[in-house]
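Residue numbers (the working numbering), protein chains in the order written: chain A, 1 to 150; chain B, 1 to 383.
Hints were generated in silico from the structure; no laboratory data involved. If you're wondering where the values come from, they're calculated on a predicted model, not measured in any experiment. There's no promise every hint is true.
[Claimed, not checked] When the alpha-carbon atoms are kept at most 35 Å apart in a straight line, the in silico DSBU-like pairs for lysine-lysine are as follows: (1) A:Lys104 to B:Lys16; (2) B:Lys350 to B:Lys16; (3) B:Lys368 to A:Lys51; (4) A:Lys90 to B:Lys368; (5) A:Lys72 to A:Lys51; (6) B:Lys133 to A:Lys147; (7) B:Lys181 to B:Lys119; (8) B:Lys16 to A:Lys90; (9) A:Lys46 to B:Lys254; (10) B:Lys368 to A:Lys46; (11) B:Lys368 to B:Lys220.
So the chains spell out like this:
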Amino acid sequence: MSEAINPSQSSENQIRIPVQEGLFDFPPDEGQHPALLANSCRHCGKCFFPKRTFCPDCFEQGELEDIVLDRKGVIYAVTVVHLSSPSGIKAPYAYGYVNIPANKIRILAPFTGASPNSFHAGMEVELVLDTIRTDSKGQHIIGYKFKPLS
Amino acid sequence: MRDVYIIGAGMTQFGKHPQRSLRDLGREACHQALRDAGISPGDIQAGYCGNALGSVIQGETGVGQNVFWEIGINQIPIVNIENACASGSTALREGWMAVAGGFCDVVMVVGVEKAVMPKGTMLDVGAAELDTKLGDVFPGYFALVAQKHMELYGTTRQQIAGVSVKNHFNGTLNPYAQFQKLFSLEDVLNSPMVADPLTLYSCCPNSDGAAAVILCSGRKARQLAALPVRIAASVLTTGTYDNQQDITAWEVEKLAAVTAYQSAALGPEDLDMVEVHDAFTICEIIHCEDLGLCAPGDGGRLIDEGITELGGRIPVNSSGGLLSKGHPVGASGVAQVVEILWQLRGAAGKRQVANPRVGLAQIMGGSKEGDTRACTIHILIKE
Numbered sequence: 001m002s003e004a005i006n007p008s009q010s011s012e013n014q015i016r017i018p019v020q021e022g023l024f025d026f027p028p029d030e031g032q033h034p035a036l037l038a039n040s041c042r043h044c045g046k047c048f049f050p051k052r053t054f055c056p057d058c059f060e061q062g063e064l065e066d067i068v069l070d071r072k073g074v075i076y077a078v079t080v081v082h083l084s085s086p087s088g089i090k091a092p093y094a095y096g097y098v099n100i101p102a103n104k105i106r107i108l109a110p111f112t113g114a115s116p117n118s119f120h121a122g123m124e125v126e127l128v129l130d131t132i133r134t135d136s137k138g139q140h141i142i143g144y145k146f147k148p149l150s
Numbered sequence: 001m002r003d004v005y006i007i008g009a010g011m012t013q014f015g016k017h018p019q020r021s022l023r024d025l026g027r028e029a030c031h032q033a034l035r036d037a038g039i040s041p042g043d044i045q046a047g048y049c050g051n052a053l054g055s056v057i058q059g060e061t062g063v064g065q066n067v068f069w070e071i072g073i074n075q076i077p078i079v080n081i082e083n084a085c086a087s088g089s090t091a092l093r094e095g096w097m098a099v100a101g102g103f104c105d106v107v108m109v110v111g112v113e114k115a116v117m118p119k120g121t122m123l124d125v126g127a128a129e130l131d132t133k134l135g136d137v138f139p140g141y142f143a144l145v146a147q148k149h150m151e152l153y154g155t156t157r158q159q160i161a162g163v164s165v166k167n168h169f170n171g172t173l174n175p176y177a178q179f180q181k182l183f184s185l186e187d188v189l190n191s192p193m194v195a196d197p198l199t200l201y202s203c204c205p206n207s208d209g210a211a212a213v214i215l216c217s218g219r220k221a222r223q224l225a226a227l228p229v230r231i232a233a234s235v236l237t238t239g240t241y242d243n244q245q246d247i248t249a250w251e252v253e254k255l256a257a258v259t260a261y262q263s264a265a266l267g268p269e270d271l272d273m274v275e276v277h278d279a280f281t282i283c284e285i286i287h288c289e290d291l292g293l294c295a296p297g298d299g300g301r302l303i304d305e306g307i308t309e310l311g312g313r314i315p316v317n318s319s320g321g322l323l324s325k326g327h328p329v330g331a332s333g334v335a336q337v338v339e340i341l342w343q344l345r346g347a348a349g350k351r352q353v354a355n356p357r358v359g360l361a362q363i364m365g366g367s368k369e370g371d372t373r374a375c376t377i378h379i380l381i382k383e
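Sequences are here, hints too, so could you generate the full structure?
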């Protein structure tokens with residue numbers, strides 16, 4: 001299990017690419033915690049990650065403002081996958097749904113920082129940026145994960 | 001709206017057909033359906049084809065035109081439909097609408113797929129979705145659903161695995177099924193873990209195959225069919241993608257069920273047999289709950305008490321389900337309806353349910369943000 005990294009302080013000359021644009025600032029600014037970029041509807045308060053252009057409930061009556069999600073979450077459900085994923089993530093790996101109580105949102109994320117079998121529903125976790133997989137050119141695909149709250 | 005009847009059905013054996021093309025499999029199912037209905041290709045006024053993965057796996061688009069051309073159907077409207085696992089059943093609904101709306105008197109619906117993958121690999125679909133990039137896989141999502149169902153309701157691994165044992169037993173009685181082999185509870189529980197708690201034999205296989213039905217108006221049905229079977233409800237819903245919802249039930253399915261029961265003017269207690277989307281064992285347990293065959297959380301008890309077995313109060317997946325019959329993605333929704341038609345006709349051989357009159361088919365397709373893109377329900381009644 002790889003340790004959470006600070007991508008801007010990589011000692012090697014590895015190429016690091018975010019798994020998708022617009023999810024988090026990358027590389028993060030010096031000394032900044034990683035944060036997920038979301039938005040919320042000024043009309044109904046609902047949060048969206050990844051960001052949306054319209055609130056599906058309020059449509060043109062809603063106005064979306066940019067926010068960052070709280071870094072702390074609680075695992076809602078977890079499983080351990082025992083076959084490597086078609087995208088190239090090596091088995092076994094743990095992933096599941098994390099509730100972010102401060103933002104009333106649930107997101108899907110891989111888990112890291114402990115043995116895959118040690119995660120359970122109700123466990124408190126916090127956000128890190130980490131390598132999801134390495135692609136065929138050896139480039140690190142960087143995404144967000146959650147690790148046990150220290 | 002006009003009443004719509006099914007007057008013909010056909011399907012290929014589900015399984016591995018490495019030497020056969022999509023159009024060849026589709027042709028066989030369509031040909032059988034035409035012979036079953038006793039009509040000729042020239043009688044068909046529109047064709048609807050469900051295929052989910054041809055563009056991904058075979059690099060083939062326009063599968064419907066290819067299939068229908070093989071049996072000499074051309075010039076008429078042909079429509080290709082992709083709605084993931086609900087592709088075939090969505091095609092069925094399009095055909096139903098054409099006849100119900102009075103636009104056509106006789107239409108054909110086919111579902112066809114070649115989805116067999118190299119051993120030990122998973123279907124690589126939805127690669128552009130963020131969840132997939134982060135490691136979400138189909139068995140993983142349903143494993144999360146199973147984990148939550150176990151946590152909330154105390155559903156056991158044995159109950160979940162029992163779905164596979166039951167459906168594989170039914171499959172041994174179905175000559176069209178991919179697996180013709182009995183599995184014990186130990187076989188299922190001890191097969192390799194895929195995504196905890198789902199083991200290999202808790203997951204349906206990827207399969208090749210095709211299924212077809214012919215729909216017509218009431219007037220035509222009375223001319224042609226000795227035993228007309230009516231489509232009493234045809235419903236399609238899509239998810240809300242509300243990521244705060246309880247993942248141990250699918251609102252998209254409950255909505256489809258309520259709508260279908262209203263449309264058919266009956267309730268779950270009137271059903272004599274049900275085919276549900278058991279792509280993974282846990283799915284059957286939850287579908288039974290969402291369809292109202294039992295209370296939420298009681299799906300595991302249906303297995304313990306044998307209620308959904310062939311001789312039980314409400315047989316579920318008499319065909320063997322996707323777990324045993326196989327899952328050629330775009331064909332599965334049509335094949336469920338073929339099974340119900342055969343059962344209602346009393347033509348289901350060794351797996352025949354005792355004198356059924358009403359059958360329900362449920363299938364859903366495509367995960368999105370922990371919800372489902374498409375859910376269809378069809379209710380068939382023998383008149």
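The hints, checked one at a time:
no. : hint                 : result
1   : A:Lys104 to B:Lys16  : violated (46 Å)
2   : B:Lys350 to B:Lys16  : holds (23 Å)
3   : B:Lys368 to A:Lys51  : holds (15 Å)
4   : A:Lys90 to B:Lys368  : holds (23 Å)
5   : A:Lys72 to A:Lys51   : holds (19 Å)
6   : B:Lys133 to A:Lys147 : holds (19 Å)
7   : B:Lys181 to B:Lys119 : holds (19 Å)
8   : B:Lys16 to A:Lys90   : holds (28 Å)
9   : A:Lys46 to B:Lys254  : holds (24 Å)
10  : B:Lys368 to A:Lys46  : holds (18 Å)
11  : B:Lys368 to B:Lys220 : violated (41 Å)
Checked against the numbered hints above, the structure breaks hints 1, 11 and satisfies the rest.
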